[in-house]
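K.L.:
Here the protein sequences line up with chains C and X, keeping their order.
Going by UniProt numbering, the first residue of the first sequence is number 1, and it counts up by one from there.
Going by UniProt numbering, the first residue of the second sequence is number 1, and it counts up by one from there.
I should point out that these hints are in silico values taken from the structure, not numbers from a laboratory.
Treat the hints with care, as some may be off.
As a list, the in silico DMTMM-like pairs of lysine to aspartate or glutamate whose alpha-carbon atoms are at most 20 Å apart [to be verified]:
1) C:K428 / C:E495
2) X:K122 / C:E133
3) X:K70 / C:E133
4) C:K70 / X:E126
5) X:K70 / C:E478
Only part of the chain C face toward chain X is listed, based on derived beta-carbon distances under 7 Å [unchecked claim]:
6) P69
7) T72
8) D74
9) P77
10) M151
11) F192
12) D193
13) A432
14) K454
Derived, one-sided and incomplete: chain X residues facing chain C with beta-carbon distance under 8 Å [unchecked claim]:
15) G98
16) A100
17) E180
18) K203
19) L351
All C-beta atoms in this analysis are idealised placements derived from N, C-alpha and C, irrespective of residue type, glycine included.
There are 2 protein chains.
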Amino acid sequence: MLRLGPLAAAGRLLPAGPRLGLPCPSGGWVSLSRSRPPGPVGDRGLLARQVRAAAGSAGGGRSPALKTPKGTRDHPPAHVALRDRLLAAVVTCFKRHGAAAIDTPVLELRETLTGKYGEDTKLIYELQDQGGELLALRYDLTVPFARYLAMNKITNMKRYHVAKVYRRDNPATTRGRYREFYQCDFDIAGQFDPMIPDAECLKIVHEILSDLQLGDFIIKVNDRRILNGVFAVCGIPESKFITTCSTVDKLDKMPWEEVRSEMVGEKGLSPEAADHIGEYVQLHGGLDLIEQLLQDPKLSQNKLAKEGLGDMKLLFEYLTLFGITGKISFDLSLARGLDYYTGVIFEAVLLQPENDHVEEPVSVGSVAGGGRYDGLVGMFDPKGRKVPCVGVSIGIERIFSILEQRLKASGEKVRTTETQVLVTTPQKHLLAARLKLISELWDAGIKAEMLYKKDPKLLKQLQYCEDTGIPLAAIIGEQELTDGVVKLRDVATREEVDIPREKLVDEIRRRLEP
Amino acid sequence: MLRLGPLAAAGRLLPAGPRLGLPCPSGGWVSLSRSRPPGPVGDRGLLARQVRAAAGSAGGGRSPALKTPKGTRDHPPAHVALRDRLLAAVVTCFKRHGAAAIDTPVLELRETLTGKYGEDTKLIYELQDQGGELLALRYDLTVPFARYLAMNKITNMKRYHVAKVYRRDNPATTRGRYREFYQCDFDIAGQFDPMIPDAECLKIVHEILSDLQLGDFIIKVNDRRILNGVFAVCGIPESKFITTCSTVDKLDKMPWEEVRSEMVGEKGLSPEAADHIGEYVQLHGGLDLIEQLLQDPKLSQNKLAKEGLGDMKLLFEYLTLFGITGKISFDLSLARGLDYYTGVIFEAVLLQPENDHVEEPVSVGSVAGGGRYDGLVGMFDPKGRKVPCVGVSIGIERIFSILEQRLKASGEKVRTTETQVLVTTPQKHLLAARLKLISELWDAGIKAEMLYKKDPKLLKQLQYCEDTGIPLAAIIGEQELTDGVVKLRDVATREEVDIPREKLVDEIRRRLEP
Chain C
1 MLRLGPLAAA
11 GRLLPAGPRL
21 GLPCPSGGWV
31 SLSRSRPPGP
41 VGDRGLLARQ
51 VRAAAGSAGG
61 GRSPALKTPK
71 GTRDHPPAHV
81 ALRDRLLAAV
91 VTCFKRHGAA
101 AIDTPVLELR
111 ETLTGKYGED
121 TKLIYELQDQ
131 GGELLALRYD
141 LTVPFARYLA
151 MNKITNMKRY
161 HVAKVYRRDN
171 PATTRGRYRE
181 FYQCDFDIAG
191 QFDPMIPDAE
201 CLKIVHEILS
211 DLQLGDFIIK
221 VNDRRILNGV
231 FAVCGIPESK
241 FITTCSTVDK
251 LDKMPWEEVR
261 SEMVGEKGLS
271 PEAADHIGEY
281 VQLHGGLDLI
291 EQLLQDPKLS
301 QNKLAKEGLG
311 DMKLLFEYLT
321 LFGITGKISF
331 DLSLARGLDY
341 YTGVIFEAVL
351 LQPENDHVEE
361 PVSVGSVAGG
371 GRYDGLVGMF
381 DPKGRKVPCV
391 GVSIGIERIF
401 SILEQRLKAS
411 GEKVRTTETQ
421 VLVTTPQKHL
431 LAARLKLISE
441 LWDAGIKAEM
451 LYKKDPKLLK
461 QLQYCEDTGI
471 PLAAIIGEQE
481 LTDGVVKLRD
491 VATREEVDIP
501 REKLVDEIRR
511 RLEP
Chain X
1 MLRLGPLAAA
11 GRLLPAGPRL
21 GLPCPSGGWV
31 SLSRSRPPGP
41 VGDRGLLARQ
51 VRAAAGSAGG
61 GRSPALKTPK
71 GTRDHPPAHV
81 ALRDRLLAAV
91 VTCFKRHGAA
101 AIDTPVLELR
111 ETLTGKYGED
121 TKLIYELQDQ
131 GGELLALRYD
141 LTVPFARYLA
151 MNKITNMKRY
161 HVAKVYRRDN
171 PATTRGRYRE
181 FYQCDFDIAG
191 QFDPMIPDAE
201 CLKIVHEILS
211 DLQLGDFIIK
221 VNDRRILNGV
231 FAVCGIPESK
241 FITTCSTVDK
251 LDKMPWEEVR
261 SEMVGEKGLS
271 PEAADHIGEY
281 VQLHGGLDLI
291 EQLLQDPKLS
301 QNKLAKEGLG
311 DMKLLFEYLT
321 LFGITGKISF
331 DLSLARGLDY
341 YTGVIFEAVL
351 LQPENDHVEE
361 PVSVGSVAGG
371 GRYDGLVGMF
381 DPKGRKVPCV
391 GVSIGIERIF
401 SILEQRLKAS
411 GEKVRTTETQ
421 VLVTTPQKHL
431 LAARLKLISE
441 LWDAGIKAEM
451 LYKKDPKLLK
461 QLQYCEDTGI
471 PLAAIIGEQE
481 LTDGVVKLRD
491 VATREEVDIP
501 REKLVDEIRR
511 RLEP
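This is chain C alone, in the form it adopts within the complex (with noise of 0.2 Å):
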């Protein structure tokens, strides 16, 4: 695996654009260039009523509320740049492991999300009847994933998807918990043989973990056989495994006293059978607590439970050949909210530092999360057909707060467009010139802007190459002209170099080479 810092591997991965030869300059590349005050734009009469009759007949004159829905957010260029390659390097793992991209829609039918979310789906977004279908936005991208395969009558298919997804929740937007966020998703759907595709989500999530340098981490895994074993054995009926589930996630948020109220309080579970419960789900450890549940008096005699740890054990045994167990914890309280889990589950928790003061590293938030879920493609198909799926869903948006907190901390800036040359003129009445310049760059392919100025002065065009991080000035006056050449200036350096102006084109190639 190559180790390179989140933004060195995403530089390595933008997927345009020459790799500049030059130094980033520090300062002034975040924003786009705001330098120019605005001038005043003249009342257009006529056009100006107009505008102003159509959204007089919206709002009643009064200026709509400048904002953004509740819990979303724009993103700035910084931000899309940003994002762009983070994106990139999750998206690149995902082909590495020969996935294919499918594309679903936002909207869904309301009867294709109801159901898979358990307490959640009330934080769907409903659409209004407007005559026609119920619909909703979707919720994950797993649904419309099982969905997808059912409706294609697919058996067979390793996907990636990246793309957004809306939840009703509670936003907390600092730290990086939104309505409106990206998932980045690959699962394998198919029969195949135990533990095999599983093993490969996990392999996934360590590579991208490392890939991207978020710090040290740990991967958690459980299986739902497991759980439901536990539950068997301490008495639990069945009618409330599944709630008793949702209580016991809460693990990672809460001391183990207050989900044993709950269980006993909200859930009503006996406290002889809740206290039990904490016996097994406080249990973590690697390939020996396997072992040590396996030979478990109670646990041993339960299949399901059974079932789970011999293929945990598989499991471990593949992640041993991946070189990863290093990072992979096999811990009971891992239960994970949604209801279509019927197998392995996983997620992944970055740690803080270690230092003196506490005792084990403390974790610091979920940032990948998955599982198998081989019951939710049955549940499309009209004959129950089941395809069994096994997937992993990258937290994009919280790698995303660190590495902007980060990126923050460092000064560093992000260039937010990739023009490598700016045409400018030394003298007034060329813009025909520059119009006639940087019409030839651009149709030999190069990046080019220029001041939408008749005469912009020399200064104010270089202070944009600045502010914005071009390398390169292209400088037309009438002395060039007249020469037949270009004067190419290295905004860096500032040294300037008189050109052919049929050179010029190859000139700029072999400057901005990587």
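Based on the hints, put chain X in the right spot on chain C.
P.N.:
Only chain X this time, still in chain C's reference frame:
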């Protein structure tokens, strides 16, 4: 400008993955392998019952309707691969012109969208009132951009935005018209000297349509001020300008007689006024027509028309410097439906190939459009401060339909994955060896797959390479393990060479270099 076929051009721009050094074998690359029949999945008893219970709680045991919402569609891997190439080509052009990317939420406050789209406001998707703000799905990317500028007090920005928009339109899916579709927008906001940014927008349309080699095209240009001037000199009251504009806009789809009768019948214009309008809006030409209208005894007396015609002349001057007037037509019938345009408007249409039977090339549909909207940002600013804007939207869905049909006709297959090597074993009991080798390849950044079977047949493994276009197979059997080598097979030529294991990664890279 480099002239390349659409796929060749796109191939050049593929964001990730090396170019494979092999010609594509024909057949079998579009769909993922479905050759292995689905095996039955064991009913997992309790879990199956849980899943059924969850399903039952929603749909009463009935399977949900297996479809996407009306007017929307899933995009299978071959679609996404082609679409990503197309979008990359468009974005490359936007970046060549120095634009930065922004992103805005799919959801907007309803009041943000109201009063911007004229008669089309009824096509906006509204969200159900679930408590909190009243929301809607964005209808285009222009209004959110204006909202973004006003909200952030940005007076100067060149941005592109590629994202999905939503319209409750009557879908015409065969012609690439959907209710959820991509828009690719490039806009220049700021107070600049006249027509310089406007000319660049037209240059961009010209570059993209030339690059994609979609066939001959024409870019129609007009100006809302000229149209309003025409209406004024024909005696139409100002209150009927916008509605008359909508009717004129239908001239590309219906003959003048029908447009005239809508003007007189539905819109209540006098027959004389309609006839008078008809004399103007059926004109089209170039610089000569601009000059002619500047001399027109009535029109030259109208302040707005004169302003528009003066700017149109300037625009043609700049377009001459760009060398693209050959594809530009000043066309007085062009009106564009949206309310917010205030100056130059334009629309690019593809032309059917000329032949002897038709006198003039026939338009087969609009593939790009845009214009100047100087009042829209001011509608959002509490103090009504204006930011003049001009922009263009590329009709990517229609272009996609054309490219897709062309690809179908050519019989060419699009590879949907980028896998370089399949890790294979010729004998049984070698799963561990495969897992170890594939892990080494992944860690070295090689794109590798293996079949998720304990003991797959070699023939099946090689067949998978052929089906999905994987160029190399890395084969390890007992002998190879003993010798410390891997047999590397070229899938196309069937040549096999033993490579020392420590040199495998370098050899794969060498073979797959572009």
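K.L.:
So which of the earlier hints does this model not fit?
P.N.:
1, 5 and 19
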